[in-house]
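Let's have the full structure, built from the sequences with the hints guiding it.
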Amino acid sequence: MEWKFLPARARRAAARFRRRLAGVEHRVARLAPAGEPIGRALLSYVVDPFLARSAGTISYAHTQDWESWTMGRTLASLGFEVEAIHWTNDRFVPDGERDLLIDARSNPERLAPAVGG
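Heads up, the sequence shown is in the working numbering, so the first residue is 3 and it goes up one at a time.
No lab work stands behind these hints: they were computed from the structure.
Note that CB positions come from ideal geometry on N, CA and C, so glycine has one too.
Watch out, some of these pointers could steer you wrong.
[Claimed, not checked] Cβ-Cβ distance ranges computed for the label pairs, FRET-style: (1) Gly25 - Gly98: 22 to 28 Å; (2) Gly81 - Leu23: 22 to 28 Å; (3) Tyr62 - Ala16: 16 to 22 Å; (4) Thr65 - Phe19: 19 to 25 Å; (5) Ala34 - Thr65: 22 to 28 Å; (6) Val95 - Ala34: 19 to 25 Å; (7) Asp97 - Ala57: 26 to 32 Å.
What follows is the structure in structure tokens.
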């Protein structure tokens, strides 16, 4: 559904509402390395690009999508098992230690004890 007739502020509010209904902020994306994993990484930034149907559908409206996608894919290419969560995800509980924790905002204080930090 296109909302082009609405002012920009209303379109942003509608997009946030659709995201909330879809539960995007509470989804977890997992990326596996090509070979044997060298470690485990938790990326708490933006999960949206990992949920996109293809790399071509990733939004470039803000650099955060590209940044998150690039970090996750780079870590996987270096051999890490990667779990990506949205930085606002306050429900995710890691299932063990991680070798690397990357966070954009407010999750390190909550996640560090659970990942061995």
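A quick look at each hint next to the structure:
{"no.": "1", "hint": "Gly25 - Gly98: 22 to 28 Å", "in the structure": "24 Å, holds"}
{"no.": "2", "hint": "Gly81 - Leu23: 22 to 28 Å", "in the structure": "36 Å, violated"}
{"no.": "3", "hint": "Tyr62 - Ala16: 16 to 22 Å", "in the structure": "20 Å, holds"}
{"no.": "4", "hint": "Thr65 - Phe19: 19 to 25 Å", "in the structure": "24 Å, holds"}
{"no.": "5", "hint": "Ala34 - Thr65: 22 to 28 Å", "in the structure": "26 Å, holds"}
{"no.": "6", "hint": "Val95 - Ala34: 19 to 25 Å", "in the structure": "21 Å, holds"}
{"no.": "7", "hint": "Asp97 - Ala57: 26 to 32 Å", "in the structure": "28 Å, holds"}
Taken one by one, the earlier hints fail for this structure only at number 2.
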